[in-house]
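Numbering (this note's numbering), first residue to last: -4 to 749.
Please keep in mind that the hints were generated in silico from the structure rather than gathered at the bench.
Ideal Cβ positions, reconstructed from N, Cα and C, are used throughout, including at glycine.
Be aware that a few hints might be false.
What the hints assert, rightly or not - Straight-line alpha carbon distances no greater than 25 Å define the calculated SDA-like cross-link-like pairs of lysine to any residue that follow:
| id | residue 1 | residue 2 |
| --- | --- | --- |
| 1 | LYS532 | ALA500 |
| 2 | LYS212 | VAL38 |
| 3 | LYS100 | LYS262 |
| 4 | LYS109 | ASP49 |
As the list claims (entries may be wrong) - Have a look at the derived ranges for each label pair, beta carbon to beta carbon:
| id | residue 1 | residue 2 | range |
| --- | --- | --- | --- |
| 5 | PHE449 | ASN657 | 46 to 56 Å |
| 6 | ASN373 | ASN657 | 27 to 37 Å |
| 7 | ILE384 | LYS116 | 51 to 61 Å |
| 8 | LYS116 | GLU84 | 27 to 37 Å |
| 9 | SER451 | VAL362 | 57 to 67 Å |
| 10 | ILE429 | ASN373 | 23 to 33 Å |
| 11 | THR540 | ASP465 | 19 to 29 Å |
| 12 | LYS546 | SER613 | 46 to 56 Å |
| 13 | ASN27 | GLN277 | 46 to 56 Å |
| 14 | LYS546 | ASP199 | 13 to 23 Å |
| 15 | GLY644 | VAL362 | 49 to 59 Å |
| 16 | ILE384 | SER613 | 25 to 35 Å |
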Amino acid sequence: MWSHIEISQQLEYSAYVYTIKLNGEKVFSIENILPESYANVRVYAADQSYQAQDGFIKDFAIINGKADNVILPKALLLPKDSVTVVNEEKLINNNLIATLLFLEKAYLLSFKIKPTFYSLKYNNIIHLTTEGDAGEFGYRTPSVYIYDTGKLSVWSAINGNPNREFIAPDTLPLNQWFSIRVTQVRVNSVYFFRVYVDGKLKIDIQNTDPRSFKNVKVYSADPWYEAQPASIKDLRIFSGNNEQIIEDKETLLSRGNLAAVIPRLEKSYRIFFDVKPNSFSQGWRNVIHFTCGSDSSNYGDRVPGVWFHESGDGSLYIASHINGNLDGGFTTTSVPLNEWSHIEISQQLERYKFVYKIKLNGDLVFVEENTQPTTFDNVQVYVSDPWCIVQNGSIKDLNIINGLIDDQTPSVVLILKDFVEVNHEVLLKKDNLIATLPFLEKAYLLSFKIKPTFYSPPYKSIIHLTTEGDAGEFGYRTPSVYIYDTGKLSVWSAINGNPNREFIAPDTLPLNEWSSIRITQVRVNSVYFFRVYVDGKLKIDIQNTDPRSFKNVKVYSADPWYEAQPASIKDLRIFSGNNEQIIEDKETLLSRGNLVAVIPRLEKSYRIFFDVKPNSLSQGWRNVIHFTCGSDASNYGDRVPGVWFQESGDGSLYIASHINGNLDGGFTTMPVPLNEWSHIEISQQLERYKFVYKIKLNGDLVFVEENTQPTTFDNVQVYVSDPWCIVQNGSIKDLNIINGLIDDQTPSAVLILK
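Using the sequences and the hints, build the whole thing.
In structure tokens, the structure reads:
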């Protein structure tokens, strides 16, 4: 319920009387015998010193001094440099919520909307304007409407046209939340106007005539059209070249995940994201970390970083370099478990001073002038870092607006993954871009499991790797996988000079059952073969006389050109390199002294992965796999690597390799479940001129370390399991190795045929 407050001081019969009224009733009045005037009074709603009241304000007005004083303005309204409205509100006609002092050529407008019904009229959602509705530059910059069809209409000043309309192709269903993102970004000195719906790019056009505007009014909704019947929340408007590092969809936090590198972090920046903790425990737990190289050794190592506090009470510790402090930290109040909280960390130039601020769920919780603002070069962005235990939880919508938008250096360089790995089960969705590979080699592996639920015409998409389009050019299907209404698999790839050649597997995939698909291009004695396996059986095998590598390959699951196959998919893996499957993707009992392969040369770069299922746990060391140059642990090269169940018998794994000169550099994982499959990946890859050794357990990065002494090893024997240790009671499947440079003409592994 609204309450009306009035506070006044008026001259009455030669005396100044101070009065307070509540809902029209006078509740306090006193003569002020010492009235004073004050210069440069700031007006806050709410102030910086106290927690903001959970609530709303409207119709805030001031009548200041004598009406005939024309020398000074009564009050100077402070236009904002940004807009943030986290809470849910209903759209209201003629609702002016802010005035932006300046809207740059590059900007971000994002919000979530839940429409309740569509009427015959074209209705307004958001309108940014310098003055009027339409017709002039600045009048729709941008504005967002919705048709009675449920399709989004976005207007902006594009390529010399002050009011150009773009209509998103999809209908927004009623009574569901949708994420809308309208942005104009600068890429290599060229501006692009882009619209995303639920993280999917729907509109993308170069703007050859980008413009900035002053004193931009923000309406939600505007006075010229009826407001769309809908709720809106998480409204954000920022000037500057925004870079979205993590998409606006739930993403599990993982240790050592280098997501981006910032060539230069400017003195002015704004970083914001949402975090959802799944559990709290004592000890520091990292969420994000912006660093020049290490945890906290040097100035530039926390610019900023966010941790869950060691107390385990759910409070956040947010640290940055403020006023020469190497670890200037602030601890927030506790955030709720299993709920999203919005964090914003910024440093902006305000009235000739750099002001550092922290906001939690829209409330300003910390503010301090930074008298020593600094730029930092080559800032690495970790989500989360390799030095601290990762927080058990998720992150979404991590963004940075970095410095001056007219600076032509890139604000952020996203780290594109050299592989794709999705272990959990997901439903196939149309136009679902899940990754971009910077490079796909001539030799590669694509594997996944699929469970189709029904078949219907026409031809439907499962997986599509493409450099740009659907078909017709080299790189457009490299490969792509579809399924007919007969249940037969259709696989396309660039083969023997044909950019889009189709192969149809002869068997029908059963409904409501998991089938294992493996598509690979391998090099055998300098000759490339394209092969397709279904449930471990070779169905397609053809020599490719014209193998090609491709850059910037988009991975769709499913693609935007065809309907998605009604199905679930899991264990999706895409790796560049000459993959050798040592143990098939079917349950295989572990047996002692089982030599399954010999690797002529194990290179400095490799990736080994497999699944293991223990049938029982008992005390004493139990071996699973062992890569060795000849013995158990006598010489350098005898554990490259090896995997054992720990002697404690608690189900934890001991994974050992030769790291930094250590003959037995071991790491112990958390216990794995009994009678269930666990996925292990051990890799050493060249990253930014350093060899980095990593261990993943069920897709989570559990160990990472730079190896300053990487080594090649000759004639490496692969045991599953070894002859020196008791064998683990259990099974293994899908043991693979991707070994070194694929253009090396030596075989990656020589299988031992029984």
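Against the structure, the hints come out as follows:
no.	hint	verdict
1	LYS532 to ALA500	11 Å, holds
2	LYS212 to VAL38	20 Å, holds
3	LYS100 to LYS262	20 Å, holds
4	LYS109 to ASP49	22 Å, holds
5	PHE449 to ASN657: 46 to 56 Å	54 Å, holds
6	ASN373 to ASN657: 27 to 37 Å	29 Å, holds
7	ILE384 to LYS116: 51 to 61 Å	54 Å, holds
8	LYS116 to GLU84: 27 to 37 Å	21 Å, violated
9	SER451 to VAL362: 57 to 67 Å	58 Å, holds
10	ILE429 to ASN373: 23 to 33 Å	28 Å, holds
11	THR540 to ASP465: 19 to 29 Å	25 Å, holds
12	LYS546 to SER613: 46 to 56 Å	50 Å, holds
13	ASN27 to GLN277: 46 to 56 Å	55 Å, holds
14	LYS546 to ASP199: 13 to 23 Å	20 Å, holds
15	GLY644 to VAL362: 49 to 59 Å	54 Å, holds
16	ILE384 to SER613: 25 to 35 Å	29 Å, holds
In this structure, the one hint that does not hold is number 8.
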